[in-house]
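Trainee: Since chain U is already given, all that's left is putting chain D on it; use the hints.
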Amino acid sequence: MPNDAIQVRGLSKRFGDLVAVDDLNLEVSAGEIFGLVGPDGAGKTAVLRMMAGIMSADAGAITIAGCDVIRHPEAVKFQISYMPQRFGLYEDLTVDENIRFYADVFRINRQQREQRSVELLRSCEMEDFRQRLAGKLSGGMKQKLGLVCALIHTPKVLLLDEPTNGVDPISRREFWAMLYALAEQGVTILSSTAYLDEAERCNRVALMDRGRLLLCDTPSRLKALIPGAVVAITSPQAREIRDRLSGSEGVSGVVLVGDAVHLFVDDAPRRVPEFRGTLDQEGFSYVEIAQVQPTMEDLFVRTVAGRELAATP
Amino acid sequence: MSIGANSVEVEDLVKRFGSFTAVNHVTFQARTGEVFGFLGPNGSGKSTTIRILCGLLQPTSGLARVSGIDVAKNPEVVRKNIGYMSQKFSLYNDLTVVENLRFFAGLYGVEGDRLKQRIAWALRMANLEGRESSRTATLPGGWKQRLALGCAVMHQPSVVFLDEPTSGVDPLSRRQFWELIHQMSGEGVTVFVTTHYMDEAEYCNRLALMYRGKLVAFATPSELKRTSMKGDLILLECESLGRAIQLIREIDEVREAAVFGNALHLVMKESSAPIAPLRVHLEAHGIHVTRLEKIRPSLEDAFVALTGHAPEPAAESA
Chain U
318 MPNDAIQVRG LSKRFGDLVA VDDLNLEVSA GEIFGLVGPD GAGKTAVLRM
368 MAGIMSADAG AITIAGCDVI RHPEAVKFQI SYMPQRFGLY EDLTVDENIR
418 FYADVFRINR QQREQRSVEL LRSCEMEDFR QRLAGKLSGG MKQKLGLVCA
468 LIHTPKVLLL DEPTNGVDPI SRREFWAMLY ALAEQGVTIL SSTAYLDEAE
518 RCNRVALMDR GRLLLCDTPS RLKALIPGAV VAITSPQARE IRDRLSGSEG
568 VSGVVLVGDA VHLFVDDAPR RVPEFRGTLD QEGFSYVEIA QVQPTMEDLF
618 VRTVAGRELA ATP
Chain D
26 MSIGANSVEV EDLVKRFGSF TAVNHVTFQA RTGEVFGFLG PNGSGKSTTI
76 RILCGLLQPT SGLARVSGID VAKNPEVVRK NIGYMSQKFS LYNDLTVVEN
126 LRFFAGLYGV EGDRLKQRIA WALRMANLEG RESSRTATLP GGWKQRLALG
176 CAVMHQPSVV FLDEPTSGVD PLSRRQFWEL IHQMSGEGVT VFVTTHYMDE
226 AEYCNRLALM YRGKLVAFAT PSELKRTSMK GDLILLECES LGRAIQLIRE
276 IDEVREAAVF GNALHLVMKE SSAPIAPLRV HLEAHGIHVT RLEKIRPSLE
326 DAFVALTGHA PEPAAESA
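Order-wise, the sequence lines are chains U and D. First residue of the first sequence: 318, per the working numbering; consecutive thereafter. First residue of the second sequence: 26, per the working numbering; consecutive thereafter.
In isolation and in its complexed conformation, chain U is listed as follows (with noise of 0.2 Å):
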């Protein structure tokens, strides 16, 4: 497909006896919000380091906006921005100086930095604090300067490892809000997560777990994989009511989601009135029994956590 922006073919990589990506093939295309979810160990930040052409890869191919990256990793690097989960901003300097030494680094003139960080800094509301030395600043806002920086040089694809970690609600807001305005734009996003909810706001995601793809596809489609219905008890107890009800007939799964246990059935039309009849009967106290759209964690407990426990640590 000529409209893909990245394309992976292929692609493994082994720390020697650990493979830590095992023959990945994916594609996403330009503009999209790609979401590389999956618990630790499973293969994402090898995979992002490969793409951004900083890690060799041991077989495969990847082309990234055209360029071949295995063979000219170095040809890469003024198509792509890549930030890794901890981004190198200089504590000492200000937000400013932050973005002039990227800007040096891709070989922006003067001109070109100038216009592009007033309109990156207005776009995440920091132009108030271009004087700031950025160890001065909040986590939220190093994040969104580190952003900035990614952006200068106008990159059209940016990979992001885990953006989010430790960053409260509202700066992941924001954060997103970015992401979102720059797909807009035509910037294609590759970003990983080990937050499901993020997962929830991607165009498209791959679930990876030890180095393999298991799934890939949009949030929705994924979600309807999973077999029969979901019903979902709303309850300060419920913890108390997934013990209860876990194993019983017609359950093939639980599992809490916030303030509710979602239970996985064969036929919610059937089970519903059976979990209320017993839940009324033993006195349990709920607000609300009902069939619900599964939750991209319903989908990752249901598709890793079998393989997790299968395993020897």
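Among these hints, one or two may not hold up.
Example chain U residues on the side facing chain D (calculated, C-beta under 10 Å, incomplete) [to be verified]:
id	residue
1	Ala-359
2	Ala-363
3	Phe-418
4	Gly-457
5	Gly-483
6	Leu-496
7	Tyr-497
8	Ala-500
9	Leu-573
10	Val-574
11	Phe-601
12	Glu-614
Here are a few chain U residues that sit away from chain D, every Cβ distance over 10 Å (derived from the structure) [what the hints assert, rightly or not]:
id	residue
13	Gly-383
14	Ile-387
15	Phe-423
16	Gln-429
17	Val-435
18	Glu-436
19	Gly-456
20	His-470
21	Glu-501
22	Ser-563
Keeping only pairs whose Cα atoms sit at most 25 Å apart, straight-line, the calculated DSS-like set for lysine-lysine is [to be verified]:
id	chain 1	residue 1	chain 2	residue 2
23	D	Lys-319	U	Lys-540
24	D	Lys-113	U	Lys-453
25	D	Lys-98	D	Lys-141
26	D	Lys-98	D	Lys-239
27	D	Lys-294	D	Lys-319
28	D	Lys-141	D	Lys-105
29	D	Lys-294	D	Lys-255
30	D	Lys-255	D	Lys-239
31	D	Lys-239	U	Lys-453
Hints listed in this document are in silico derivations from the structure and should not be mistaken for laboratory results. Note that CB positions come from ideal geometry on N, CA and C, so glycine has one too.
Mentor: Same frame as chain U, now just chain D:
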């Protein structure tokens, strides 16, 4: 102390650093055996409050009591009765699992038979049996996190403070960790926990929300969701979200609009405001609306409603 009594009491607490007021007349209580969620954006005064409660910082004024002990007057006594775990886990990577447990137990004077019992308990609790002699550095993140919790409670504290204990830990490990938190609370330990993740905040019995040094909410998760939104929350699914959000912001009845997945979340200025005009406005500009409906606010929506309107303060001290 009986169940239902308060094991953490904060009354009119103030902490100033120079001209900066990090904690501004804050009052709340955590009950014995409850899972108490302490929330707030970066720099809202959470960590300062926790440091005061742990006896590491003197308050400027006001009262803080943990297990009935005045923290400002008897910080050492308080420190013996609490457990503390931060997001950095502070484990010795070169030591084995058991050596870490023994080291932290030693700090609190746990020895002899009790030490043996506690080690066995911690290994079981953290699901680390069989890994006693593994070097800590070789453990996956989720395991280290459970070990860190074990270390923090070797001396059986009645209150444990967990400061962003799940930051950067994968979803399955986070689930296991929250099981442990509830197990401890079931045994009567008061768990005081901070998190930025609202799905986790839902697992707490009660929540206190800090913003710019002040307590802006103190309630159960469901109360917060019910009461903190003044207007209805609307889910809008349509094409080109970026343009749609611009158009939506032109409408007076809408208080705010944010992208959420492949949809927008809108907060109306009033409850029961009609939503059909939103569709008309967007369709008139050629944007096809696929879904428009009132939804129940999430805890994140409540959090943003309570803290999100003013620009973020550039905090120097958390």
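Trainee: Against each hint, give a clear statement of whether it holds in the structure.
Mentor: Comparing the hints with the structure gives:
{"no.": "1", "hint": "Ala-359", "result": "8 Å, holds"}
{"no.": "2", "hint": "Ala-363", "result": "15 Å, violated"}
{"no.": "3", "hint": "Phe-418", "result": "20 Å, violated"}
{"no.": "4", "hint": "Gly-457", "result": "6 Å, holds"}
{"no.": "5", "hint": "Gly-483", "result": "5 Å, holds"}
{"no.": "6", "hint": "Leu-496", "result": "9 Å, holds"}
{"no.": "7", "hint": "Tyr-497", "result": "5 Å, holds"}
{"no.": "8", "hint": "Ala-500", "result": "8 Å, holds"}
{"no.": "9", "hint": "Leu-573", "result": "7 Å, holds"}
{"no.": "10", "hint": "Val-574", "result": "7 Å, holds"}
{"no.": "11", "hint": "Phe-601", "result": "16 Å, violated"}
{"no.": "12", "hint": "Glu-614", "result": "7 Å, holds"}
{"no.": "13", "hint": "Gly-383", "result": "25 Å, holds"}
{"no.": "14", "hint": "Ile-387", "result": "29 Å, holds"}
{"no.": "15", "hint": "Phe-423", "result": "26 Å, holds"}
{"no.": "16", "hint": "Gln-429", "result": "24 Å, holds"}
{"no.": "17", "hint": "Val-435", "result": "17 Å, holds"}
{"no.": "18", "hint": "Glu-436", "result": "15 Å, holds"}
{"no.": "19", "hint": "Gly-456", "result": "4 Å, violated"}
{"no.": "20", "hint": "His-470", "result": "22 Å, holds"}
{"no.": "21", "hint": "Glu-501", "result": "4 Å, violated"}
{"no.": "22", "hint": "Ser-563", "result": "13 Å, holds"}
{"no.": "23", "hint": "D:Lys-319 <-> U:Lys-540", "result": "22 Å, holds"}
{"no.": "24", "hint": "D:Lys-113 <-> U:Lys-453", "result": "20 Å, holds"}
{"no.": "25", "hint": "D:Lys-98 <-> D:Lys-141", "result": "33 Å, violated"}
{"no.": "26", "hint": "D:Lys-98 <-> D:Lys-239", "result": "24 Å, holds"}
{"no.": "27", "hint": "D:Lys-294 <-> D:Lys-319", "result": "13 Å, holds"}
{"no.": "28", "hint": "D:Lys-141 <-> D:Lys-105", "result": "20 Å, holds"}
{"no.": "29", "hint": "D:Lys-294 <-> D:Lys-255", "result": "7 Å, holds"}
{"no.": "30", "hint": "D:Lys-255 <-> D:Lys-239", "result": "20 Å, holds"}
{"no.": "31", "hint": "D:Lys-239 <-> U:Lys-453", "result": "21 Å, holds"}
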